[in-house]
Each structure stands twice: as C-alpha cells, then as structure tokens.
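K.L.:
In case you want the letters, here they are:
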Amino acid sequence: MSSVLNTVREAAWRSFEADGLPSSRDEDWKYTDLSRIAAVLGESWWSAEAGEAVAADEYQIPDLNAYRLVISNGVVDLAASEIPDAITITPLAALLQDDPDAAVELMLDDSDAPFASGVTALNSARASDGYCICVAKNVKLDRPLHILNLSSGGAAHIRSGITIGSHAEIEIIEHFAGSDSAAGVTNSLTAIRLEAGAKCEHYRLQLESSKQWHLGRVEVNQKADSSYTLHAVELGSALSRVDVVDDLNEPGAESELNGLFVLAGRQHVDHHTRVAHEAPHCRSREHYRTVLDGRSHGVFNGKVVVAKGAIKTDSAQSNANLLLSGRAEIDTKPELEIYNDDVKCAHGATVGQLDKNQLFYLKSRGLSEDEAKQLLTFAFADELLAKMKSRAVRRFIERAAFAKLPNLSGLEDMLV
Amino acid sequence: MIKIENLHVSVGGKEILKGINLEIGDGEVHAIMGPNGSGKSTLSNVIAGRDGYEVTQGSITYRGKDLLKMKPEERAWEGVFLAFQYPVEIPGVNNAYLLKAGVNARRKHQGEQELDAMEFMQLVKEKAKLVELDQSFLSRGVNEGFSGGEKKRNEIFQMAVLEPSLALLDETDSGLDIDALRIVAKGVNTLRADNRSIVMVTHYQRLLDYIKPDVVHVLADGKILKTGDKSLALELEERGYDWVREEAAA
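Protein chains in written order, with my numbering: chain A, 1 to 416; chain B, 1 to 250.
No lab work stands behind these hints, which were simulated from the structure alone.
Wrong hints could be hidden among the right ones.
[To be verified] Cut-off 20 Å, straight-line C-alpha distance, at most; resulting in silico cross-link-like pairs (EDC-like, lysine to aspartate or glutamate):
| # | chain 1 | residue 1 | chain 2 | residue 2 |
| --- | --- | --- | --- | --- |
| 1 | B | K108 | A | E369 |
| 2 | A | K356 | B | D51 |
| 3 | A | K356 | B | E89 |
| 4 | B | K71 | A | E254 |
| 5 | A | K373 | B | E74 |
| 6 | B | K71 | A | D370 |
| 7 | B | K108 | A | E371 |
| 8 | A | K356 | A | E335 |
| 9 | A | K373 | B | E144 |
| 10 | B | K71 | A | E369 |
[Said to hold, decoys possible] Residues from chain B that keep clear of chain A, each with C-beta distances beyond 12 Å, as calculated:
| # | residue |
| --- | --- |
| 11 | G12 |
| 12 | D51 |
| 13 | G52 |
| 14 | Q57 |
| 15 | E73 |
| 16 | E74 |
| 17 | I178 |
| 18 | L181 |
| 19 | A220 |
| 20 | Y241 |
| 21 | W243 |
| 22 | E247 |
| 23 | A250 |
C-beta: ideal position from N, C-alpha, C; glycine also.
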C-alpha cells in the first residue's frame with residue numbers, strides 16, 4: 001500500500017479518535033444527535049457486523065430499464081451487477097489494492113470542507129469499498145445506472161467518485177435500502193465532478209430499514225455550462241443526515257436540488273445543503289418539501305453563497321413543510337451569503353397544515369374528510385416528484401411514500 | 001326540495017342571518033338578490049356546510065332530512081352542490097380525479113355501481129361540451145392557472161357531471177365577460193329539470209336575463225325582505241335596494 005494513502009487514512013482516523021462525532025454544540029448539528037449511536041450499535045459501532053445479506057432482486061424499481069451496480073453491506077458485488085460497456089466502473093477495493101496513488105485523490109480528507117466532521121473523517125479512514133465511475137467525454141449513457149446500496153445492518157463506509165467528462169451525460173439512481181434484521185449505519189460519501197458541458201441527473205433515494213442510521217454526503221464540483229440535478233428522497237431509516245455541497249466553479253453552470261421527506265413515527269431526517277456560486281452567470285434552484293406525521297422531526301438548512309465577482313448569479317430556493325400531526329417538528333433555515341451586488345437571489349420557507357378552503361372544496365364535491373386530507377397531502381408531495389424525469393422512479397416513490405401514510409383509494413387514477 | 005325556517009346564523013359572534021324563511025319546490029329556479037354584505041354568501045355556505053358558521057336558531061330541511069346534521073360530503077352525496085364564488089385552486093390534484101372520486105362517492109352512497117374509467121371518461125366528455133371546455137383541462141390541476149371565466153365554467157361543468165338535486169350558484173356571474181356568461185347560462189339552462197332545483201345568489205340582475213328565475217327574493221340585513229317574480233329583479237336593477245328596506249320597515 002502506498003505510504004501516502006496510509007498517511008492520509010491514518011491521519012483521518014486520528015482526527016476521528018480525537019474529536020469523535022459532532023455534538024449538538026456544533027451549529028451544523030444543533031438538531032441532530034448522533035450520541036446514541038454507540039448505545040444502539042455498540043461501543044465499536046463503526047465496525048459493527050452486518051446480518052444476513054439480502055437479495056438484490058427484491059429491491060428492484062418496477063418498470064425501470066437501467067444498468068445496475070450492486071453494493072451489498074458496503075462491498076461492490078460485480079456478479080449481481082450489469083455494467084454498461086460505455087463507461088468504466090472500478091470498485092474502490094480494487095483501486096486501493098492495485099492503484100493506491102489513484103485512490104489517494106478520492107480518499108483525501110479535507111477537514112476545512114463545508115460540513116466536514118467526524119463522520120467524514122471516519123469515512124476517509126474506514127471506507128474499504130465504493131466505486132469510481134468514469135464517463136468519457138461526449139459519452140451519453142443510453143440507460144440510467146441504478147446503484148443499489150443494500151444493507152442488512154452493521155456498519156458500511158462507502159466512498160465513491162463519479163467523473164463526467166465534457167459534454168457527457170449520465171442519469172444515476174443511488175438507492176439505499178435493506179432489511180431490518182439488524183441495526184446498522186450507512187456512511188456514504190459520493191463526489192461528483194462535472195466537466196464543461198456535462199450533465200448529470202442524480203436520484204438519491206433513501207429507503208433504508210427502520211433500524212438503519214444513514215449518514216450521507218454528496219459533493220458536486222461543476223465546470224462551465226455543466227448541469228446537475230439532484231432528486232433527494234428521504235423515506236426510510238431511523239435517523240438520516242445528508243450533506244450536499246455543490247460548487248458552481250465556472251460560468252454557465254446550473255444546478256437544481258430537489259428534496260422530499262415523508263416521515264412518520266419517530267423518524268429524524270436532516271439535510272444541510274450548501275450551493276456556492278463561485279463564478280459569474282451561474283444558476284441554482286432548490287426546492288425542498290417535507291411531509292411530517294407522528295413525532296417525526298425534519299431539519300432543512302439550505303445555504304447559498306455568492307462569492308465576490310460572481311455577478312449575474314441567479315438563485316432561488318424554496319422550502320415548504322406540511323405538518324400532519326401536532327407532535328411533528330420541522331426546523332428550517334434558509335441562509336444567503338452574498339458578496340457582490342449584481343445578483344438575483346430569492347428564498348423562502350413555509351410551515352403549515354392542510355388548507356381549509358381546499359379541504360372544504362373537496363368535501364363539497366363528495367370526498368370524505370380522510371380522502372380529502374390524503375389527496376391534498378399526496379398532491380403536496382407529488383408536485384415535487386413531478387420534477388423527476390424518470391416516470392418509473394416517480395411511480396416507485398409515490399407508492400413507497402404513500403404506503404407510509406394511510407392508503408389513498410384509487411391512487412392509480414391520480415397518477416396521470 | 002328545501003325548506004329553511006327561521007334561520008339565524010352568526011359568524012365570529014356577529015349575527016349575519018336574522019331569521020330566514022325560504023321554501024324551494026322541486027324543479028324551481030330561485031334568485032336571491034341583495035346588496036353586498038346582506039348575507040347571501042353566508043346562506044349558500046351554510047347550506048353547503050362550510051365551517052365557521054354558527055346556526056343559533058332555526059332549521060333547514062332538505063328532502064325531509066335535517067340538513068344541518070349532515071357533514072359537507074354527506075350533503076354532496078344527497079345531491080347538494082355549491083358552485084363557489086371563488087373556486088379554489090388545488091395544484092397537484094387533477095380535475096378528472098376529483099370528479100371521478102366525487103361521482104363514485106355519491107353512487108356508492110346511493111347503492112349504485114361505481115363508474116369504471118371508460119364509463120367515466122364518456123360521461124365527462126359529453127358534459128365538457130356543454131360548457132365548451134377543452135378536454136385537456138381534465139388532466140390539469142383543479143382550477144390551477146385557470147382564468148376567472150374558466151373557473152366558473154369549471155364549476156358548472158362539475159355541476160353537470162355530479163347531477164345535483166339542489167344547486168347553489170354563488171355569484172356565478174361575477175367576473176364573467178358576456179361570452180363566458182352566455183356559455184355558463186346555456187350550461188345551467190340545459191341542466192334545468194323537474195327534479196332539480198337551482199338557487200342563484202347574485203348581486204346583479206344581468207345573469208337573470210339569461211337564466212330566467214321562477215321566484216326572486218330580496219335579501220338584505222340578514223332577512224328576506226321581499227319575494228316576487230322576475231319583474232322584481234328588473235325593478236331592483238332600476239331602483240336599487242333602499243326602497244325595499246323602506247317598504248319593509250314601514
């Protein structure tokens with residue numbers, strides 16, 4: 001093993017050992033408490049053992065025609081995968097073994113990066129597998145790539161990198177799921193690099209088991225005229241914290257971050273996003289919606305930073321939250337940091353219950369109180385899902401989301 | 001069809017309706033006219049069952065049943081329909097779904113078989129012609145991005161599909177240009193039937209040029225001050241409402 005790689009990973013481990021996990025005293029972790037993780041998973045929770053592996057076939061997305069990359073309990077399973085010829089996919093484990101110098105770049109741990117914490121240090125220190133995807137310039141992948149991260153508890157630290165060459169295009173469906181045979185933690189870090197004019201449609205579907213803790217990070221680095229769209233869906237896990245850091249580094253880059261949480265019971269989901277306009281003439285959009293039932297707790301922190309010199313920045317952000325229960329809680333904080341004048345930035349957040357006038361209108365047409373409520377809840381969430389280009393993913397999420405809330409009769413008719 | 005006796009209604013502790021008496025027979029078309037703030041919309045909202053209205057006295061009997069005991073959706077199942085003064089926009093809920101759910105909820109309530117997708121589409125296609133609505137709006141969100149005129153036409157279209165026994169048209173003419181008014185009126189006239197009563201609540205008599213009422217009531221200060229035939233509407237148009245008040249006070 002390369003001594004540089006060793007040094008990087010040992011330093012990350014020492015950093016984790018010294019500082020541990022972030023605590024609620026840290027402003028970025030004010031609402032999300034990881035301190036119970038040792039009580040749930042044991043003292044050495046970062047190396048907890050998984051339960052019996054689950055079969056990938058049970059977690060397919062109906063009607064989705066896609067290539068497939070399966071990661072089972074943190075280990076890439078090429079035998080269960082269907083890899084397209086047009087792109088190269090190298091498991092991180094192979095890279096660590098055969099090309100440590102190349103692995104170093106991916107494993108670097110930058111403790112000054114936004115939202116860097118003990119979680120990211122741990123990932124740098126412990127990740128033993130993941131994937132490096134390389135889409136050569138001008139390649140447009142003909143089908144989406146379904147990256148199925150399956151877990152049956154235990155700890156999995158997954159580190160991945162996706163490089164999309166200039167004017168190349170790819171649609172990625174990162175899908176986290178698994179069985180609840182044992183408690184576990186997923187620690188996933190995916191770095192995406194878009195060269196000039198590249199396009200990436202990124203679905204990030206978190207449907208982990210109710211016993212899983214989910215810690216995720218998405219780093220996006222965009223060059224000129226590239227376009228990145230994220231559809232982040234949070235349905236599963238006991239606790240989930242995902243950080244999205246998107247840097248628009250060159251003129252003409254565009255990004256769109258869409259997020260939907262549908263939570264029930266005592267679920268806790270926290271997304272911290274940071275979009276940095278580092279160059280002029282970039283455009284960013286961000287739309288987050290949450291539907292919170294039971295005693296669930298949602299946290300949304302969306303920061304937009306416009307650097308000095310990033311003139312003609314066009315940025316808009318919205319966050320709408322629907323509380324279905326008096327005991328559900330949302331903490332939302334849109335933040336803008338602007339260091340020059342010539343920009344167009346808008347943001348806003350709303351928190352509310354269902355609209356009484358809409359409810360009455362539906363009831364006056366013969367829908368029962370329950371039907372009317374379910375329909376309005378569905379419509380609220382579905383407006384966001386309508387931004388998805390993949391019909392198969394949208395249907396899949398619609399069904400999964402509403403399986404969590406009381407059944408909507410005739411849902412099929414709704415799906416026009 | 002419906003009999004309202006000594007109806008007193010308060011909103012937020014303030015009495016709006018102060019003893020309404022009104023009886024509407026099967027197949028009759030009544031117009032309720034009155035100045036702004038007279039309680040016209042309160043009356044239609046109370047009949048449809050909207051929250052926030054407190055009935056302090058009196059009763060409403062609809063086809064022999066106590067209407068005030070029913071939930072809004074039960075009233076819809078029993079054939080009460082309100083065409084809203086301000087139809088609500090509901091993005092994300094498409095028109096076709098809303099109507100199908102409404103039609104089938106009522107059919108189920110009446111012990112009839114629910115319509116399947118084919119039967120339903122046939123029904124709505126036929127009814128959409130009545131108010132000259134383009135079919136593409138069926139897959140759009142309820143009233144989403146509709147113009148004022150389109151919203152009102154959509155209300156009448158819904159009325160045509162839901163085939164109510166008692167239809168309340170709350171200021172249906174407001175905000176309509178003359179062409180849209182004609183289309184809406186034509187739709188309503190086509191829906192006149194021996195077993196369907198229609199109540200038009202309106203500020204102006206303009207609508208009544210197109211939909212001829214059997215009976216005209218003047219509602220002012222929370223009471224019905226005068227009842228007459230179509231000629232009463234014309235007289236109101238000419239003389240305003242004050243003379244009715246004075247006559248009632250005398």
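K.L.:
Against this structure, judge whether each hint is valid.
P.N.:
Do the hints match the structure? See the list:
1. About 16 Å separates the Cα atoms of K108 of chain B and E369 of chain A, which keeps this hinted pair within 20 Å; it holds.
2. Annotation: proposed proximity of K356 of chain A to D51 of chain B holds, straight-line Cα distance about 9 Å (limit 20 Å).
3. About 12 Å separates the Cα atoms of K356 of chain A and E89 of chain B, which keeps this hinted pair within 20 Å; it holds.
4. In summary, the hint linking K71 of chain B to E254 of chain A is not supported, as the alpha carbons are separated by about 50 Å, beyond the 20 Å threshold.
5. Between K373 of chain A and E74 of chain B the alpha-carbon distance is near 16 Å, which keeps this suggested pair within the 20 Å criterion.
6. Using a Cα cut-off of 20 Å, the hinted pair K71 of chain B and D370 of chain A holds, with the two alpha carbons roughly 13 Å apart.
7. With a C-alpha separation of about 15 Å, the suggested pairing of K108 of chain B with E371 of chain A holds against the 20 Å cut-off.
8. Distance hint between K356 of chain A and E335 of chain A is unfulfilled; the C-alpha atoms sit about 30 Å from each other, more than 20 Å.
9. Of the supplied pair hints, the one linking K373 of chain A and E144 of chain B holds, its CA atoms being roughly 18 Å apart against a limit of 20 Å.
10. Of the pairs offered as hints, the one joining K71 of chain B and E369 of chain A holds, with about 9 Å between alpha carbons and a cut-off of 20 Å not exceeded.
11. With a least beta-carbon separation of about 15 Å from chain A, G12 of chain B lies farther than 12 Å from that chain, consistent with its non-interface assignment.
12. With a cut of 12 Å on Cβ distances, D51 of chain B falls inside the contact zone with chain A, its closest approach being about 7 Å.
13. With a closest Cβ-Cβ approach of about 9 Å to chain A, G52 of chain B is found to fall inside the 12 Å limit, against its non-interface label.
14. For Q57 of chain B, the shortest C-beta to C-beta distance to chain A comes to about 24 Å, beyond the 12 Å cut-off, and the non-interface label holds.
15. Non-interface status of E73 of chain B relative to chain A is broken: a Cβ of that chain comes within 12 Å, the nearest being about 5 Å off.
16. With a closest Cβ-Cβ approach of about 9 Å to chain A, E74 of chain B is found to fall inside the 12 Å limit, against its non-interface label.
17. Residue-level check passed: I178 of chain B sits 27 Å from the nearest beta carbon of chain A, beyond 12 Å.
18. Listed as outside the interface, L181 of chain B is consistent with that label: its C-beta sits roughly 23 Å from the nearest C-beta of chain A, beyond the 12 Å cut-off.
19. With a cut of 12 Å on Cβ distances, A220 of chain B stays outside the contact zone with chain A, its closest approach being about 26 Å.
20. The beta carbon of Y241 of chain B sits about 29 Å from the closest Cβ of chain A, which is more than 12 Å, so the claim that it is off the interface holds.
21. Distance check for W243 of chain B against chain A: the nearest CB is about 36 Å away, which clears 12 Å, and the non-interface claim stands.
22. Chain A leaves E247 of chain B outside its interface by the beta-carbon criterion, the shortest separation being 36 Å against a cut-off of 12 Å.
23. With a minimum CB-CB distance of about 40 Å to chain A, A250 of chain B clears the 12 Å threshold, and the non-interface call stands.
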